[in-house]
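Enquirer: Here's the letter readout for the chains.
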Amino acid sequence: MNNLLWLVPTLPLVSFLILALAGKHVSRVWVAIIGAGSVSLSAIITLIIGISFLSLPPATGNYSQTLWTWMQVGGFNPKITLFLDALSLIFVFVITFIGALIHIYSVGFMADDKDYSRFFACMNLFVFSMLLLVLADNLLLLYLGWEGVGLCSYLLIGFWYENPANGYAARKAFIITRVGDTAMAIGLFVIFYQFGTLVIPDVLAKAPILWHQGAYMATITALLLLAGGVGKSAQLPLQTWLPDAMAGPSPVSALIHAATMVTAGVYLIARMHVIFQLSPIAQMIVAVIGTATLFIAGLSALTQYDIKRVLAYSTISQIGYMFLALGVGAWTAAIFHFVIHAFFKALLFLAAGAVIEALHHEHNMFKMGGLKNKLPVIFWTFLVGSASLAALPLISAGFYSKDQILWYAWASQSGNPLLWFIALLGAFITALYTTRMMILVFWGEAKTAIGHHPGKLMTVPLIILAFFSLFAGFIELPHNFGHFTLFSNLLHQVLPETVLKAGINTELQFQVLASLSTFGGIYLAYIFYYKQPQRIEKLKQSGFAMNLYFFWFSGWGFDKLYNVLIVKPIVFIANINKNDVVDKLYQGITFVTIRLYQSLSFTQSGSLRWYVMGLVIGAIIILSIQIML
Amino acid sequence: MSGNDFFALTPLLLLAGSSVLIMLLIAIKLSHRVIQLSSLFLFAVAFSSLFFIQKLLPYHIEPLLIMDGFSVFIMGLIIFSSLVVNILSYIYFEEKEDSPKEYYVLLFLCTLGACVLAVSKHFISLFLGLEILTVGLYALIAYLRERHHNIEAGIKYLVLAAFSSAFLLFGMALIYLQTGSMEFSMIARSLTSLQSLSPLFLTGLGMMLVGVGFKLAVVPFHMWTADVYQGAPAPVTAFIATASKGGVFAVLFRFFIMIDGFRFKVVMLILIGIAIASMIIGNLLAVQQKNVKRILAYSSIAHLGYLLVAFMPGSMMSIKAVSFYLIAYFMTTLTAFGIVTILSNKETDAEDIESYKALFWQHPVLACIFSSSLLSLAGIPLTVGFVGKFYILAAGLQAGLWVTALILVISSVIGLYYYLRIITIMFAGQKSILSEEKKANPFFYRVSIIALSVLTLLIIWLGVYPSVVISFMEYFRLK
Amino acid sequence: MKSSISIEMVMLLAGLLFVLGIAGVIIRKNIIFMLLSVEVMLNASGLAFVAAGSRWAQPDGQVMFIFILAMAAAEVSIGLALILQIYHQHKSLDIDKLKEMKG
Amino acid sequence: MDSVFYIAAFVTVISTIMVITRHNPVHALLYLVISLLSLSMIFFLLGAPFAALLEIIIYAGAIMVLFIFVIMLLNLGKETAKQEKEWLKPKVWIGPAILSAILFAELFYLIAIAHAASYNLQTVNPKAVALSLFRPYLIGVELAAMLLMAGVVGAAHIGQHKKMVLHRFLKEEDDTL
Amino acid sequence: MILVYLIGILMGGGLLALMLGQWNKNLSRWIALCALSTGFIALLFFWIDQYRTINIHLSNPWMIDYRHDWIPLFGISFHLGIDGLSLLLLVLTFFLGILAVLCSWNDVKERVGFYYFNLLWILAGISGVFMAMDLFLFYFFWEMMLIPMYFLIGIWGSENRVYAAYKFFIFTQASGLLMLLAIIGLYFIHGRNTGIYTFNYFELLGTAISPGIAFWLMLGFMIAFVVKLPIVPFHTWLPDAHSEAPTAGSLILAGLLLKTGAYGILRFVLPLFPQAARELAPWAMLFGVIGIIYGAILAYSQTDLKRLVAYTSVSHMGFVILGIFAFNELALQGVVMQLVTHAISTGALFIMAGMLKERLHTRDINHMGGLWTEMPQMGAIAMLFAMASLGLPGLGNFIAEFLILVGAFKANVLLTIIATIGLIFSAIYSLRIVQKVFLGPSERQDPVHDFSFREIMVMAALTLSIVWLGLYPQPVINTVKPMINKLEYIFPIENKNTQKENHQATPLNAHQYRVKKQE
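So the protein lines, in turn, are chains A, B, C, D and E.
The first sequence begins at 134 in our numbering and counts up one residue at a time.
The second sequence begins at 1167 in our numbering and counts up one residue at a time.
The third sequence begins at 42 in our numbering and counts up one residue at a time.
The fourth sequence begins at 396 in our numbering and counts up one residue at a time.
The fifth sequence begins at 4 in our numbering and counts up one residue at a time.
Don't read these hints as lab results, they were simulated from the structure.
Because the structure is a prediction, the values reported are computed rather than measured.
Be a bit skeptical, because a hint or two may be false.
[Claimed, not checked] Simulated pairs of lysine to aspartate or glutamate, DMTMM-like, Cα-Cα distance not exceeding 25 Å: (1) E/K28 with E/D110; (2) A/K717 with E/D453; (3) A/K247 with E/D453; (4) A/K247 with E/D367; (5) B/K1456 with C/E141; (6) C/K143 with B/E1520; (7) B/K1523 with B/E1268.
Isolated chain A (complex conformation) (with noise of 0.2 Å):
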């Protein structure tokens, strides 16, 4: 079944080209046609594979198809092979599957763009480089994967190339992803002289071998490894391009900055989980990183009034989610929680560009409301996801995925209380600005009149995406609810078990307190934003409260900081050197070439006088060489 497998990143590479080449030739309809056919082929194929993995699984536990060697110089011969395992299985499934939607979805949502062929040839090689990526069985086809999706997103952040704030942001995406990715190709070099290959495979078998437990070199080849994915998926130093990527239109949002690009940073953690295992220092600074992100991030959205700047930094917080769990060794949880929440991100941001659509391209909340009656099935299906974001227990996915999160913060062997009580605050905020979202949107009295309702094209998906981020938990019960673990019974193939710390007492007490904080969040946000809106006025007249409120808004200051530490210095250095001071050197020396010719054409006066003086003095020079030697 394995011959197959290279259909899967082709289709969309195939469609890419024609729509690239002859995109202009071809009407509307078969755009669409071949721009979402061959992603939802590929989802179909993906399908095919994963019931066939899953029945029979094949005896290395991978399916490997090498189409053709990259290159072969020396001892460095990289293949282009697609290497298929659990991991990817799970990985390449999302991309395929939510990429199908979120295509039908555009073929509704970019019906009257005018570049219409040239936003699924981006959409396309998107998805083709996204699976690339998944499916490389070595570190350089990663890299290159890696490097084509932060392609694709530049293309598609500054699709609507005619403002200019849409060209910046792509740029600030694509350069500061570009420092990330730096770090990583410098951890490629070093694994190639640490080991003398880049597939995956070796490397991970002879790491153990070559380092001991807590080896320099794996500390430092986890850290640049760590650097590329936070550069990719907008962790806590490089998280600013994220929340400036919406100016994107919303499917791509959704796609990219939701669903997958995002969660590159996690599978290639996961994918090199030996080399974090091998060094505790690097795993400890990735929980780290996880939770920091998690509480900025948090509290950013929390002060946001457009809503997709709202969804962009809920996206940076439940990564940080899952960066916390690969942090504390709960690896399945981590795929598990980016699973959950590829599906209710994906659905909150379509929902959203259907609500932008329909009120004429209007993203501020406060300028929303009054919805709830008026677009019925948008409402519903933003209920639902809210309460999958917010984790609503029992009935929500949600809850599922980020409690599992929680109790492994506190209970796995490398987990400690204060991860956990930050996490838990986490999980509040997000209650709390999820609810501000909803009321904000939804409650309240219609400030802006409806403009067309959205087709039946765009609302499908969304109806199929909530039915996922309800049901979608349930493949994966907590111990105490029945111990049925589909999915990470699957997962154990490739990634280790968590290991608990002993005696832990049992994993009731921390549910009942991960509920008890989304209710709070919950109620507070009603009492704030639905019940007692004079509260919000009196919050406003304190001068503290306000200076909190703009700090929390422009992302911490982030942006301000790395302006001011990096961009003001380098542009001030290129400008003033514009014309090259090297230059100077040379015009020097002409300078110097003139006035040597000017003193010299002086002693030509022309005077025979002085002509004859200079014979003598010629003459008195050569008899005192000769006196004198």
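Let chain A serve as the given structure and place chains B, C, D and E on it in line with the hints.
Expert: Just chains B, C, D and E, lined up with the frame of chain A:
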């Protein structure tokens, strides 16, 4: 004076005889065209006579002259350059002067003087050859009496030349006093007897260097060059730049080879100083010069500096290098000044660099000739100048003169700049539609262009395939 | 007429005359004086030659002196012709009037 | 005998200095003639009677006469003297004087340290000079002839100057002299 | 004999184009085109037939050799010979030559004959440089390619072309003359050691020179190549020459003239002075890295498009020097790849800059903007090549830069890390080009036409080659492998993962370089 002597001296006799013959022709009031053609014929005869005396070489005419391979080669060069000057001077003087008759007599005499220099091995013949050359040049420089500064250049050259000849004489007298003989070989014999260098001999040599330095226009004594080159008529400038310097350099070379002057550290130091100074100052003086004649004057100073670099090692390689470079230098300078002659008309010489604007689009052939000669002066491959410069660098480096070679390279880069400046001005501008002014006598105009294009082809051909001349050079051994 | 004049003294005299000639050329502004001073220098070198010839008792010195005379004569004739031309054109023999060519 | 030499040398030097410093060209010329005479005296003492005679006949006789002839032709006398007077201020001639003094010092030093011994001079009679002139140096004589011819032809050409016959609009030259 | 034909075709074609240029303009264009294409096809056939037997005789890299006496007295011979590297660069020369002719098809209006004469003679000079196996002949061709380029910039350039032409000529000529001194010095030292005076590259290879002199001679050679391959202190001629040269001129300047510098180092500096090269290595790598960073920063601040692209090639050439002096197989393969891919990507950017100048009559990117709406095709191609220049994987430049960085990482870790940081800067300036020129609001009134058919063909050829090199670079790597093994043989410092046995870098004498007689 046996029969063989006469036969050996045929070239000199021919030159002297033809000057007298030309005077006879002038006496019977023949037209300028006839005189010019006959002088051309006589030059050709003199040049061919050189081939007849090949079998006699090396022939000593005691005590003054010596006819060996090297002197025949130099005489060939000098007569060849005067032949080219002769061709060029017809159109130049036809326009400016109604009937320039004495010009050809003086030209013969100057060539005679230069040839005597080439063959001399005695102070007297050196002095006489030099004086015939100089006196002849006085009149040639000031030939067009009323026109643009000829007189000024003439008087300047006269006073300075006489001044430097006095120096030369005084130096010779001191050497004669010290060594007791005026013949190079005798001087060499007396030098070998005494180990250390007597101060009297040294001062004599120094004073002679001043005199010779003036004629070669090397740096401390170079100030007259620009004014005389600019003042004198263009063909005469060509003659000064090539034949007169060639003859003087030949005799200096012979003198130093015979007395093996290369072993005296002091003299060598002075020569190195002069060479370096003239290379650098020669090139620097021309950097922003607006007058083409003055640029070529300064570049000839620099080229003499290059020649001295090859001269200093005094090895077999340097003889070949000097001879080859003389060929290259002669041909290129003749072509360059030929172009200046052709382009000058009745009123003005083609001096100012602006008069060469867009030359490439008006007279493509002339512009090609001029740019190839400039590139050869600059030493760019595909031209004989490059092979010459390579030869000199080889000779210099073989003797380990690393510093001078480096300065040669740096100064030739400065030189590159002003050669390129002229070429760029020739390319600038559009093809102006002003009518082609009718040449006074198209026939001679075309003859001179043909002569120059032959020279250019020689420059390119020798640049690409120099081995025929190099093997020919093997033949001119200096005893 | 044997006399034992040391050649050194004669050469010093020749040197002195030579230097006086040089001084003359440099100091004087009038071209005629310049020519005169050049004649003095040539005379000095003639004296040096004759002295050298008499020191080695060879006729070469005097032969050389004769040729110097010939050269001086030729040079003076052309020099004076030039002076006539200059006077004719510039109406003055001041050397500083002949300064057009420079730079 | 040495006293005669020293007197002659003294006279030569003084008269040469006078040549250089006089304002009036005629005076300078006469001083030059005196210095030539005293020089021929020295030649005689050095045992070169033929050279001494030549000096008087050719140099003093012919060349100096030529000079006087030209000065008279251009009647330079008075106004050149006036011109030279205001030109020859100390400021002008100090620099060149120092230069030539340095040169003389160098020459003096170089010649002095040669301390060539004094030899008893034999006279070289004109017969020996004539013999060497026409046997070994015959070619030299012929070349000297060529030299003089060059001088003559050159002087003839340059001396010719066209007398300007000025018509109002037609500038026409005719050839005289 | 094919080698002589190649140079002959070019020179002959040039002369013919000049002759016929006066009568009708487009005849000379066609002559130039068919001269170049015949040469190109001949080379391709030669390459294919060589490629089959490439790995049989891995030990002897020399494919074909042609020798004829020129000046026997000096031991100078007209000696041409090519190995993998020269063959590759020759193919590149003819390929870019065809593109240069195509892209200046109706761009040049006046003096067309002389224009193509210069163009073809530059290419003849460059191919001569790549083939010359005699040091004198190498210098001869090295200078010969200057004069036509000087005329090309000087006559057909834009505003202050004269200044740019001067600067270009004097920079290269001065450094060339220093190289001439080094060549003659080497010639005499070899002559003194072995008695035979010759300029033949193979004999000169084995000369034993004392370290002091060897260092100076090596510096003499290096100065010429470092000025040509612009390394930071000597790079100031490049931006002027590029911004003033006509499109074809800057294409050849960027695509080929810079490569002669790198070729020179690989061919002459490393084999002739192995010990001195090893001493210079850390410094050279430092300058390479400075070049990368400095070039990138300067590229960022430029407003003239061609100057901007010129500075980017300064930055890319910094990688080349870094790779060469890392002395291991990976880096050297990366260097060769960089030479080829940089030529293609910068060449394409220059062609497009030329097209923009022809359409908008300005090179200032502040006056451009929003051209994507009117010219989507050019926008897409420009985006592709901007991505290539910033090293996007899947395109040729990434392979080159990655190999160089991997190779250099072993030699010097710190410098490689700084070089990798340079990659970020390359992203900044490349995206700025696309943003300023194609994206953003368009304030143009007069319509601008997109690609004509001819331009599409040129661009398609370039895109295909850059993508092919990105996805399957093996043919290029195999062609150069023998030559690089030979270099490896000279510099076998302890590289662990190469299987070859290590042995001391003994100087190679002539017979080890057995020249395979081809015809």
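Enquirer: Given the hint that A/K247 pairs with E/D367, test it: the Cα-Cα distance must not exceed 25 Å.
Expert: 29 Å, violated
Enquirer: Going straight from one Cα to the other, do E/K28 and E/D110 come out at no more than 25 Å?
Expert: 12 Å, holds
Enquirer: Between the alpha carbons of A/K717 and E/D453, is the straight-line distance 25 Å or under?
Expert: 40 Å, violated
Enquirer: Does the alpha-carbon distance linking C/K143 and B/E1520 stay inside the 25 Å limit?
Expert: Judged against 25 Å, a Cα distance of about 18 Å means the pair holds.
Enquirer: Tell me if the straight-line CA distance from B/K1456 to C/E141 falls inside 25 Å.
Expert: Judged against 25 Å, a Cα distance of about 15 Å means the pair holds.
Enquirer: Taken at face value, is the distance from the CA of E/D453 to the CA of A/K247 at most 25 Å?
Expert: Distance of about 18 Å is within 25 Å: holds.
Enquirer: Would the pair B/K1523 and B/E1268 pass a check requiring their Cα atoms to be no farther apart than 25 Å?
Expert: Roughly 35 Å separates the two Cα atoms, so the pair is violated.
When the structure is compared with the earlier hints, violations turn up for hints 2, 4, 7 and for no others.
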